[in-house]
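There are 2 protein chains.
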Amino acid sequence: MDNKNKIEFSPVGIIHTPFDGKEKIPHQGRFGENNDGWVEVFPEFAEGLNGLESFSHIYLLFHFHQSADYSLIQITPRHHQTKGVFAIRSPRRPNGIGMTIVKLKRIEGNKIFFAGADMIDGTPLLDIKPYSTDIDSYPDADNGWLKTIPQ
Amino acid sequence: MDNKNKIEFSPVGIIHTPFDGKEKIPHQGRFGENNDGWVEVFPEFAEGLNGLESFSHIYLLFHFHQSADYSLIQITPRHHQTKGVFAIRSPRRPNGIGMTIVKLKRIEGNKIFFAGADMIDGTPLLDIKPYSTDIDSYPDADNGWLKTIPQ
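Listed in order, the protein sequences are those of chains A and B.
First residue of the first sequence: 130, per the numbering used here; consecutive thereafter.
First residue of the second sequence: 130, per the numbering used here; consecutive thereafter.
I should point out that these hints are in silico values taken from the structure, not numbers from a laboratory.
Predicted, not measured: the structure shown is a model, and the values here were computed from it.
Treat the hints with caution; some may be incorrect.
Each pair may be met inside one copy or between any two copies, as identical chains are not told apart.
[Unchecked claim] Straight-line C-alpha distance at most 25 Å; calculated PhoX-like pairs for lysine-lysine:
#1 K240 <-> K135
#2 K276 <-> K135
#3 K135 <-> K151
#4 K234 <-> K276
Working from the sequences, and respecting the hints, build out all of it.
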């Protein structure tokens with residue numbers, strides 16, 4: 130049984146954004162403005178982008194590299210609710226994996242230009258996945274405790 | 130510049146599913162039947178589940194622990210299309226991070242019961258995130274090359 134063993138990943142690129150400090154990051158990229166970013170996929174992985182240009186939205190999975198610790202229970206920054214880390218999208222997680230759906234603008238070689246950045250400039254990219262409405266869109270999902278906060 | 134450095138994660142739980150071999154895994158959990166599963170969150174992380182029970186859908190992020198290698202260009206198994214790894218959801222990825230949105234049934238202590246499993250039994254859990262329609266649902270997204278395959 131080796132399930133508790135360490136798992137090692139290496140970045141496949143770097144995400145460039147206008148946000149050069151944590152305090153400048155918008156709450157969620159989807160609703161922000163002036164949040165275009167671009168991904169520099171390391172040249173040795175660029176071939177893996179083939180076909181990605183046909184999608185309008187993509188998942189960026191990345192490392193919250195500036196979050197050194199985590200708490201299981203956290204106070205949400207905007208609404209001051211006390212929640213477990215798995216019920217919020219905080220960067221201070223046991224495994225610091227960030228995930229943002231961004232709007233794809235264009236791909237040029239190993240560069241992906243997108244809108245909807247909400248990560249810090251220089252964030253290590255772990256993975257990219259295409260967004261499919263068939264498997265990823267649940268417009269009628271119950272937003273849980275998020276329903277209780279003012280829009 | 131340490132962006133190319135290794136990043137180390139450890140499982141926070143184990144995902145139990147009816148699929149004890151790769152060949153038994155359905156293509157996507159959303160459309161399958163008899164695909165209930167449960168997550169055993171390690172007790173030391175159970176407190177982090179607080180508030181998760183209020184959501185109808187959650188992201189499970191996990192390690193494709195039985196995928197030892199990857200290819201940048203792959204042939205899709207069902208439709209035999211040649212695509213880059215970042216344009217498909219294949220388990221054979223540079224960083225073997227799997228992501229599935231599942232339907233939450235109930236949480237009992239450190240156990241999460243869900244429908245929509247499409248991972249192998251015993252899969253190491255890396256993270257859980259709540260699904261929010263506001264930031265995760267794009268019903269009008271363009272499904273890219275997936276549009277061209279028969280439903």
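Cross-check of the supplied hints:
Within a single copy, K240 and K135 get their C-alpha atoms only as close as 31 Å, which misses the 25 Å cut-off; across copies the closest is 22 Å, which meets it. Taking the shortest alpha-carbon separations for K276 and K135, neither the intra-copy value of 36 Å nor the inter-copy value of 38 Å comes in at or below 25 Å. In this assembly of identical chains, K135 and K151 lie within 25 Å of each other by CA distance solely across copies; the values are 22 Å between and 28 Å within a copy. Taking the closest pair of Cα atoms, K234 and K276 come within 25 Å of each other only across two copies (19 Å); inside a single copy the shortest separation is 31 Å, beyond that limit.
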